[in-house]
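**Student:** Each chain is listed here by its residues.
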Amino acid sequence: MPAHDADHDVERDDIAAQFETLASLAPDDPTRVKVREEIINSQLGLARRIAARFRGRGIFDDDLEQVARLGLIRAVDRYNPDRGNTFIGFAIPTMLGELRRHFRDTGWSIHVPRQLQELHLEVDQAVSALTERDGRPPDLPAIAGYLNCSVERVQEGIEVGAAYQSSSLDSAPATDSPRAAAPVDLLPSEEDAIGKLVDREALRPLLAELSPRDRRVIYLRFFEGLAQSRIAAEVGVSQMQISRILSATLRRLREGLLAPPD
Amino acid sequence: MATAGGPADDDAVRVSCPAASTYVPVLRAVISALIADAGFDVDAYADARMAVDEAAETLIDIADPTAPLSATYWLGADGVRVRLECGSTGGSVDQDTFGWRVLTTLTDRLETDVVGDGRSPAANCIEFVKRRTIRESETDARSRR
Numbered sequence: 001m002p003a004h005d006a007d008h009d010v011e012r013d014d015i016a017a018q019f020e021t022l023a024s025l026a027p028d029d030p031t032r033v034k035v036r037e038e039i040i041n042s043q044l045g046l047a048r049r050i051a052a053r054f055r056g057r058g059i060f061d062d063d064l065e066q067v068a069r070l071g072l073i074r075a076v077d078r079y080n081p082d083r084g085n086t087f088i089g090f091a092i093p094t095m096l097g098e099l100r101r102h103f104r105d106t107g108w109s110i111h112v113p114r115q116l117q118e119l120h121l122e123v124d125q126a127v128s129a130l131t132e133r134d135g136r137p138p139d140l141p142a143i144a145g146y147l148n149c150s151v152e153r154v155q156e157g158i159e160v161g162a163a164y165q166s167s168s169l170d171s172a173p174a175t176d177s178p179r180a181a182a183p184v185d186l187l188p189s190e191e192d193a194i195g196k197l198v199d200r201e202a203l204r205p206l207l208a209e210l211s212p213r214d215r216r217v218i219y220l221r222f223f224e225g226l227a228q229s230r231i232a233a234e235v236g237v238s239q240m241q242i243s244r245i246l247s248a249t250l251r252r253l254r255e256g257l258l259a260p261p262d
Numbered sequence: 001m002a003t004a005g006g007p008a009d010d011d012a013v014r015v016s017c018p019a020a021s022t023y024v025p026v027l028r029a030v031i032s033a034l035i036a037d038a039g040f041d042v043d044a045y046a047d048a049r050m051a052v053d054e055a056a057e058t059l060i061d062i063a064d065p066t067a068p069l070s071a072t073y074w075l076g077a078d079g080v081r082v083r084l085e086c087g088s089t090g091g092s093v094d095q096d097t098f099g100w101r102v103l104t105t106l107t108d109r110l111e112t113d114v115v116g117d118g119r120s121p122a123a124n125c126i127e128f129v130k131r132r133t134i135r136e137s138e139t140d141a142r143s144r145r
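If you're matching them up, the sequences are chains A and B in order. Per the numbering used here, the first sequence starts with residue 1, numbered consecutively. Per the numbering used here, the second sequence starts with residue 1, numbered consecutively.
One chain only, chain A, in its complex shape (with noise of 0.2 angstroms):
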């Protein structure tokens, strides 16, 4: 936007002459609120066409903005002068890297189109909405008939599931969780469960990265053998939550048990 240019140059002189404040002032000086929060709301515009860049990706506007927001306020609080770079050009990729990583946490991959994620959101209610009318799962053509949709789509809607799962689960726990820094041990009736295996001690400690969460689930399906639908109700997700949820953590786990020993 070249019309912009002029006042981007002055903001930007701006920002630098209140950041000199800022390193100017004592730590506990009331004067730091003031001027943090002035330099917060000059750049609140800024934040606003970082969030718009990730429109349309099944994540509401707003809360885009508070993303934004927040990776801004982080933004504020670690930029350091010294280090020569400008505040935008340290804020921008620090609002970025803040949205992917909300993608990321709230599960979908953001090259998935907000139209198929509302197709997998659209299967995923008419299974369970089946399932509670029949008392059993549904199978494909049921549900294409529910949806007034082809069976083709229903598996577009199922198989858009493995970018989700992609997503969230393949990155590692959540590293800025307390929870991902001591993995926590497995249940006794765990530990009884794979005690049999002859891989049990390269599983160990790959099960005990799972949330925990992630790890009942594998727990009921193949220890305690129920089926997705009937773990789905006793875990309270969906039944294509939990599909993801196993091939996602089966992925993971097999990934790591062919990896070679450190």
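By construction, these hints were calculated from the structure, which means they are not laboratory data. No incorrect hints appear here.
A short list of chain B residues far from chain A (calculated; beta carbon distances all over 10 angstroms): (1) ALA12; (2) PRO18; (3) PRO65; (4) SER70; (5) THR72; (6) THR89; (7) VAL129.
Reference excerpt, derived from the structure (chain B facing chain A, CB under 7 angstroms, subset only): (8) ALA36; (9) ASP43; (10) GLU57; (11) THR139.
Note that this is a predicted model, so its numbers are computed, not measured. Glycine residues also receive a C-beta, built at the ideal position from the N, C-alpha and C atoms.
Once you've looked at the hints, dock chain B against the given chain A.
**Tutor:** Just chain B now, with coordinates in the frame of chain A:
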């Protein structure tokens, strides 16, 4: 399928690909297409797809990388039968592993064997049957104990 004499060869769908993980989605896509409209409930559909993944990866893990991985699918009255076969470097499928437990859970019948004429290197096989609906026992933990 799984009846005396085995399924008719005419009904078989055959796919052959290199023994590498990159091709596993192809094998999974075939079973998806084959069973999507054939009365499999969503649980059985998902299980069958996962079973193809797991069986293929199990064979690939011990495969002779130069040997092709071949998959044969039969859709029959009882469900779908899948046979995966791949030349090995000498190892066979270990049945005391987590992966085998996964396969046992996902399928209704499962076997592995080694085929060969004694001269050329042997091939490992995994064959499973997946029915259209989940087992009664899978809806209640207690009944399996």
